[in-house]
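Going down the list, the protein sequences come from chains A and B.
Here numbering that gives the first Met the number 0 is used: the first residue of the first sequence is 0, the next is one more, and so on.
Here numbering that gives the first Met the number 0 is used: the first residue of the second sequence is 0, the next is one more, and so on.
Note that these hints are calculated values from the structure, not bench results.
Take the hints with a grain of salt, since some may be wrong.
What the hints assert, rightly or not - So, partial list: chain B residues that the calculated Cβ filter (under 7 Å) puts toward chain A:
#	residue
1	Gly109
2	Gly111
3	Ser129
4	Asp226
5	Asp241
Said to hold, decoys possible - Examples of chain B residues toward chain A, derived with CB under 8 Å:
#	residue
6	His213
7	Asp220
8	Ala252
Said to hold, decoys possible - Stretches of chain B that chain A covers, calculated by requiring three or more beta carbons in the stretch to come under 8 Å of a beta carbon on chain A:
#	region
9	163-177
10	371-384
11	391-403
Cβ coordinates follow ideal geometry from the N, Cα and C atoms, glycine included.
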Amino acid sequence: MARSWRDAFDLGERPAEGVSGVEEGEGPAGPESGSGLFKRLRDSLSKSRQALQAELGASLFDQLDEEAWERIEEALILADVGARTTAEVVGRLEAEVEAGAVPRGDPVRERLVELLAEAADGDGARVDLSARPAVVMIAGVNGTGKTTTIGKLAWHLRRELGLSVIVAAADTYRAAAIEQLEQWAERAGAEIVRGSPGGDPGAVVFDAIAAAESRGVDVVVADTAGRLHTHSNLMAELAKVRRVAAKRLEGAPHESLIVIDATTGQNGLRQARAFAEAVDLTGVVLTKLDGTAKGGIALAIASELGLPVKLIGVGEGLDDLRPFDPREFATALLAE
Amino acid sequence: MFDQLSDRLQETLSGVRARGKLTEEDVDRAMREIRLALLEADVNFKVVKQFTSQVRERCLGAGVLDSLNPGQQVVKIVNEELAELMGGASRDLAFAGSGPTVILIAGLQGSGKTTACAKLAKLLAGQGKSAALVACDTQRPAAVDQLLTVGEQAGARVYEQGTKRDPTEIAEWALGQAKAAGDDVLIVDTAGRLHIDEELMAELAAIRKRTKPHDILLVLDSMTGQDAVNVAQAFAERVDFDGVLLTKLDGDARGGAALSVKAVTGKPILYASTGEKLDQLERFHPERMAGRILGMGDVMSLIEKAEEVSDQKQAEDLERKIRRQEFTLEDFLQQMRQVRRMGPLGNVLGLMPGMGRAVKQLRQADLDDRELDRLEAIILSMTPAERARPQLIDGSRRKRIARGSGTTVQAVNQLVKQFGQMRKLMAQLAKGKLPDPQQLGLG
Numbered sequence: 000m001a002r003s004w005r006d007a008f009d010l011g012e013r014p015a016e017g018v019s020g021v022e023e024g025e026g027p028a029g030p031e032s033g034s035g036l037f038k039r040l041r042d043s044l045s046k047s048r049q050a051l052q053a054e055l056g057a058s059l060f061d062q063l064d065e066e067a068w069e070r071i072e073e074a075l076i077l078a079d080v081g082a083r084t085t086a087e088v089v090g091r092l093e094a095e096v097e098a099g100a101v102p103r104g105d106p107v108r109e110r111l112v113e114l115l116a117e118a119a120d121g122d123g124a125r126v127d128l129s130a131r132p133a134v135v136m137i138a139g140v141n142g143t144g145k146t147t148t149i150g151k152l153a154w155h156l157r158r159e160l161g162l163s164v165i166v167a168a169a170d171t172y173r174a175a176a177i178e179q180l181e182q183w184a185e186r187a188g189a190e191i192v193r194g195s196p197g198g199d200p201g202a203v204v205f206d207a208i209a210a211a212e213s214r215g216v217d218v219v220v221a222d223t224a225g226r227l228h229t230h231s232n233l234m235a236e237l238a239k240v241r242r243v244a245a246k247r248l249e250g251a252p253h254e255s256l257i258v259i260d261a262t263t264g265q266n267g268l269r270q271a272r273a274f275a276e277a278v279d280l281t282g283v284v285l286t287k288l289d290g291t292a293k294g295g296i297a298l299a300i301a302s303e304l305g306l307p308v309k310l311i312g313v314g315e316g317l318d319d320l321r322p323f324d325p326r327e328f329a330t331a332l333l334a335e
Numbered sequence: 000m001f002d003q004l005s006d007r008l009q010e011t012l013s014g015v016r017a018r019g020k021l022t023e024e025d026v027d028r029a030m031r032e033i034r035l036a037l038l039e040a041d042v043n044f045k046v047v048k049q050f051t052s053q054v055r056e057r058c059l060g061a062g063v064l065d066s067l068n069p070g071q072q073v074v075k076i077v078n079e080e081l082a083e084l085m086g087g088a089s090r091d092l093a094f095a096g097s098g099p100t101v102i103l104i105a106g107l108q109g110s111g112k113t114t115a116c117a118k119l120a121k122l123l124a125g126q127g128k129s130a131a132l133v134a135c136d137t138q139r140p141a142a143v144d145q146l147l148t149v150g151e152q153a154g155a156r157v158y159e160q161g162t163k164r165d166p167t168e169i170a171e172w173a174l175g176q177a178k179a180a181g182d183d184v185l186i187v188d189t190a191g192r193l194h195i196d197e198e199l200m201a202e203l204a205a206i207r208k209r210t211k212p213h214d215i216l217l218v219l220d221s222m223t224g225q226d227a228v229n230v231a232q233a234f235a236e237r238v239d240f241d242g243v244l245l246t247k248l249d250g251d252a253r254g255g256a257a258l259s260v261k262a263v264t265g266k267p268i269l270y271a272s273t274g275e276k277l278d279q280l281e282r283f284h285p286e287r288m289a290g291r292i293l294g295m296g297d298v299m300s301l302i303e304k305a306e307e308v309s310d311q312k313q314a315e316d317l318e319r320k321i322r323r324q325e326f327t328l329e330d331f332l333q334q335m336r337q338v339r340r341m342g343p344l345g346n347v348l349g350l351m352p353g354m355g356r357a358v359k360q361l362r363q364a365d366l367d368d369r370e371l372d373r374l375e376a377i378i379l380s381m382t383p384a385e386r387a388r389p390q391l392i393d394g395s396r397r398k399r400i401a402r403g404s405g406t407t408v409q410a411v412n413q414l415v416k417q418f419g420q421m422r423k424l425m426a427q428l429a430k431g432k433l434p435d436p437q438q439l440g441l442g
């Protein structure tokens with residue numbers, strides 16, 4: 000079962016308000032159902048399955064010879080899970096099967112899904128919005144979909160959870176990034192605090208938190224410029240943005256999420272590691288899952304760095320952001 | 000990890016030297032390491048399989064050359080095969096005989112198309128061609144604004160008609176404008192699209208039909224994983240692109256996707272983007288990518304970059320000095336200053352063979368360009384004699400240098416030690432030998 004928005008967020012002692020104040024701002028008439036989404040996911044995944052000819056037929060789990068194990072590994076590697084995490088998961092499964100703990104056939108597949116889901120799950124970690132205002136910082140390398148994610152997140156926070164949102168346009172570097180966020184904020188019905196192009200991103204976040212406090216706004220979502228994790232000066236700048244937030248409001252940012260593009264390969268692990276060092280990440284948003292890429296690198300990130308996926312992006316529409324469901328994700332990885 | 004592929008191969012094959020020939024078992028052990036390394040570099044699984052079986056054939060029974068140890072021998076074969084697969088000589092853009100040359104830019108969302116358009120315009124301007132841009136991304140919010148801004152920064156004219164019109168019509172209109180204005184090149188920026196998005200892929204095919212581009216470039220993020228082959232195949236089928244522009248190579252991704260795309264579609268990589276600044280776009284050299292994928296550095300690019308910033312005479316002097324191990328700290332200082340003119344430290348060091356590990360250490364030590372200021376300060380605090388003969392530097396001189404440069408004795412020590420290692424490495428390279436990491440203490 001796909002998790003609901005309410006399950007995916009920790010709103011603390013905030014009263015469960017009704018959906019209010021969403022009449023402004025455009026957007027789809029109603030939220031798409033979870034099953035519809037995952038049908039789309041699976042549809043697209045089945046295309047990649049065909050392309051890669053790595054489908055794991057039922058007979059594979061009956062025979063379980065050396066070739067079968069190799070095929071299972073192959074499927075995971077083709078999903079960008081990475082050789083190391085793949086070897087760990089498959090090794091564990093193989094040991095359990097050999098010990099007779101798992102009977103051959105379907106139970107093996109079931110157990111594989113379970114193991115993958117466990118590896119991807121950070122104990123059902125929720126997005127912590129219990130503080131008031133809660134500050135969410137969004138970071139990542141260039142082109143992963145940070146600004147788009149923020150637009151969708153702001154819309155969902157208002158629509159699904161009835162929260163008021165300020166977005167902070169702290170990507171002062173990329174040309175037209177502020178204009179892009181402005182358009183999203185308008186669609187989402189969120190307020191925006193902006194600086195000037197080339198300005199200090201820390202100051203924008205500072206102002207946004209101040210504005211949220213004085214106006215009693217629930218959540219601040221901060222956009223930051225995309226940066227390659229190998230540029231130490233840019234990573235230091237990001238760390239500074241975080242420090243400025245913490246100085247303005249104790250405990251902020253309450254969530255620091257890295258946006259990882261599902262098409263990313265093994266470099267995603269290095270990205271997550273570097274960003275975690277710089278800004279103490281609390282989780283991952285996995286975007287672009289509507290293509291044929293399966294985002295297996297998120298599994299490696301969760302299992303090696305303990306960073307759970309919290310949200311997934313499945314398109315460019317306002318409602319194309321979802322709470323992460325480890326089981327659905329694991330099932331999709333095997334492209335059934 | 001990949002950085003240690005060379006080391007691991009040497010370890011795996013350490014017993015082989017005595018026999019002088021690689022046996023099937025040796026080769027299989029080596030192939031396992033190579034397979035893992037290539038997967039780590041995001042080379043597509045299928046391509047890896049095919050590749051390792053090819054390399055295996057060549058390695059079997061291959062004699063171990065006198066100058067190389069068995070590990071190096073295998074690395075050499077892998078390197079050659081990779082270079083072969085990456086595609087021999089690099090191709091140039093096709094230019095129109097008359098009227099504007101049309102270059103269509105396509106790719107997934109977030110691969111870096113808009114920035115690439117401006118960089119390409121700037122690169123072409125440097126070759127004396129006036130390039131204009133047209134904004135056909137009507138999907139992403141503010142994409143037109145972004146192209147206007149980067150176009151202005153690149154000194155390129157930007158044609159746009161907002162986001163309400165059909166991109167196909169905008170492209171056709173812009174082509175008319177470019178003809179009238181006498182632009183040499185028209186670069187068409189398009190919306191990012193998923194290769195499975197039927198509607199948008201059809202739109203791209205329509206733009207192609209109307210504008211008849213001379214070159215179609217697929218923009219590919221060098222961090223892309225296994226899915227790169229699916230993307231490239233789909234774009235090849237729908238718009239039959241001519242080549243790839245590889246972006247974000249200034250990161251630490253090995254870029255195995257480039258290899259996969261070449262292997263699967265046969266399309267060459269034409270350009271590589273190596274930084275956020277608009278002049279950081281280069282012609283791609285396929286034979287050099289092999290070294291990067293293998294973590295073996297890129298001597299050719301380094302030499303070429305050095306040539307760009309130094310004159311011929313200087314380069315010859317330097318080469319002689321390097322061969323004879325007469326390279327001094329004074330030369331090092333000059334080089335460092337030239338190197339800094341080439342770009343940020345990480346970019347340049349990454350190009351040097353055997354420096355893969357060093358770059359990582361530098362990163363761990365949080366060494367960035369500011370650190371170079373410190374190195375400069377240390378060398379500037381030395382006497383000319385000390386710069387020429389670092390072995391003169393004893394305890395009291397070290398203290399003086401540390402004080403003079405505002406650093407520590409340890410920092411001075413480290414610089415002198417690393418300089419010694421580097422001098423050996425460079426001499427070896429100049430003599431055409433692969434560096435032996437163990438000997439250098441880097442391994």
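A quick look at each hint next to the structure:
1. Gly109: holds (3 Å)
2. Gly111: holds (6 Å)
3. Ser129: violated (21 Å)
4. Asp226: Interface hint status for aspartate 226 of chain B: holds (4 Å vs cutoff 7 Å).
5. Asp241: For aspartate 241 of chain B, the interface hint is violated, since the closest Cβ of chain A sits about 22 Å away, which is over 7 Å.
6. His213: violated (27 Å)
7. Asp220: holds (7 Å)
8. Ala252: Alanine 252 of chain B check passes; min Cβ-Cβ to chain A is 4 Å, inside 8 Å.
9. 163-177: Our answer is that it is violated, as 0 residues pass the Cβ test (under 8 Å) against chain A, missing three.
10. 371-384: Answer violated; 0 residues pass the 8 Å Cβ test.
11. 391-403: violated (count 0)
Consistency with the previously given hints fails for numbers 3, 5, 6, 9, 10 and 11, ordered from lowest to highest.
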